[in-house]
Amino acid sequence: MPRHLNLRQIEAFKAVIENGSISRAAQIVHISQPAMSKLIAHFEADTGLKLFDRLKGRLAPTECGMRFYKEINRIFAGVRQVENAAEALRREEGGQLVVGVIPALSGSFIQHAMSSFLKGRRDMFCSVQSLGSLWIVDWLVSRKLDVGLVSARIDNPYVTLEPLMEHALVCIMPPDHRLATKSQIEPHDLEQIPFVAFNPEGDIGHRVEGMFETHGVKPQVVFVTNAAPTLCEFVAAGLGVSLVHPLMVSGRQLRLAVRRFEPEILYSFQLCRSADSRNAQLVDAFAQEVRATAAQISRSILSES
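For the sequence shown, my numbering gives the first residue as 1, with consecutive numbering after it.
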């Protein structure tokens, strides 16, 4: 009759699957290679399953081994969920806030917003993690984050979203660009002008592309990206002009000319929190500071244009 499994064997099996070899798994678990080989051999014997094929001295997981690994991973994920829930409760009791923010807002903007938020909160501990929108939602659901700022509406029953920082897109260009002499840019101004575009699969890129089609304008698209910091850097370097939310320009005002664009293309970010958020008071206070900071920065950027 197979013996009861132990946690050390399970950890060893998981490490071999995830790292691809006995030697690498042994390093991760901090044991010798012979000890790791023995743990795997005993694990197979105790489960009564053929978990690996031996191919020229290497271990290759069998189909059974991979199915077993998925079950183990599911259990470990449940344990991590419990750990994350405990950490979320500790944050609530200790006055802590963990914020997820997309790269487009992870520079000057979040620095100003967080600095204002922390004024008068001397005992407050905050952490900011720069992540993609989908990762932010995932971390909110698993309670690794208390609140997130994402770039597009995401349908997930376990999170709530609030439109935040709605503003019309602005036209950005190098300060010495010929269009910088105008106070307002219109679609026909961009006909055959070198243009740095957001990926059309993204929300801003899709809206801008639709605007050009509506007005029958064809800019000369010279570069496409899905990252606002990258787009702004290429515009500042003289590659072309673009249309962005004004907060994406924050911290780059000296290197870019910013002009109003008509017709207005309204765009908002989203404040995202878990549906059963326990840190509600701190999240509300943070959201209020984000709104105030966004309004101040937008006014500042546009007043300089």
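The hints are simulated quantities; they were obtained by calculation from the structure and are not laboratory data. In this text, all values refer to a predicted model and were calculated from it rather than measured experimentally. Don't be surprised by glycine CBs; every beta carbon is placed ideally from N, CA and C. Don't take each hint at face value.
Derived Cβ-Cβ restraints for the label pairs, each shown as a range [said to hold, decoys possible]: (1) D276 with A77: 13 to 23 Å; (2) E166 with L118: 20 to 30 Å; (3) K182 with L118: 34 to 44 Å.
In silico DSS-like pairs for lysine-lysine, Cα to Cα no more than 27 Å straight-line [what the hints assert, rightly or not]: (4) K56 with K38; (5) K38 with K70; (6) K182 with K144; (7) K182 with K218; (8) K38 with K50; (9) K14 with K119; (10) K119 with K144; (11) K50 with K70; (12) K14 with K50; (13) K70 with K119; (14) K70 with K14; (15) K182 with K119; (16) K70 with K56.
Status of the hints after comparison with the structure:
1. A beta carbon spacing of about 19 Å between D276 and A77 agrees with the range 13 to 23 Å that was offered as a hint.
2. Range check, E166 to L118: Cβ separation about 25 Å, and the 20 to 30 Å hint holds.
3. K182 and L118 have their C-beta atoms about 40 Å apart, which keeps the hinted 34 to 44 Å range intact.
4. For the suggested pair K56 and K38, the alpha carbons sit about 18 Å apart, so the restraint of at most 27 Å is met.
5. Of the pairs offered as hints, the one joining K38 and K70 holds, with about 22 Å between alpha carbons and a cut-off of 27 Å not exceeded.
6. Straight-line distance between C-alpha atoms of K182 and K144 comes to about 47 Å, which puts the hinted pair past the 27 Å bound.
7. This hinted pair checks out: K182 and K218 have alpha carbons roughly 20 Å apart, not beyond 27 Å.
8. With a CA separation close to 15 Å, the supplied pair K38 and K50 stays within the 27 Å bound.
9. The straight-line distance between the Cα atoms of K14 and K119 is roughly 45 Å, outside the 27 Å bound, and the hint therefore fails.
10. Under the criterion of a C-alpha separation no larger than 27 Å, the hint pairing K119 with K144 is consistent with the structure, at around 24 Å.
11. Distance check on the hinted pair: K50 and K70 sit about 15 Å apart at the alpha-carbon level, within 27 Å; holds.
12. Only pairs whose Cα atoms come within 27 Å are accepted, and K14 paired with K50 is accepted, the gap being roughly 15 Å.
13. Straight-line distance between C-alpha atoms of K70 and K119 comes to about 46 Å, which puts the hinted pair past the 27 Å bound.
14. Restraint check for K70 and K14: the C-alpha separation of about 10 Å stays at or below 27 Å, so the hint holds.
15. For the hint pairing K182 with K119, the CA-to-CA distance comes to about 39 Å; that exceeds 27 Å, so the pair is violated.
16. Restraint check for K70 and K56: satisfied, since their Cα atoms lie roughly 25 Å apart, inside the 27 Å limit.
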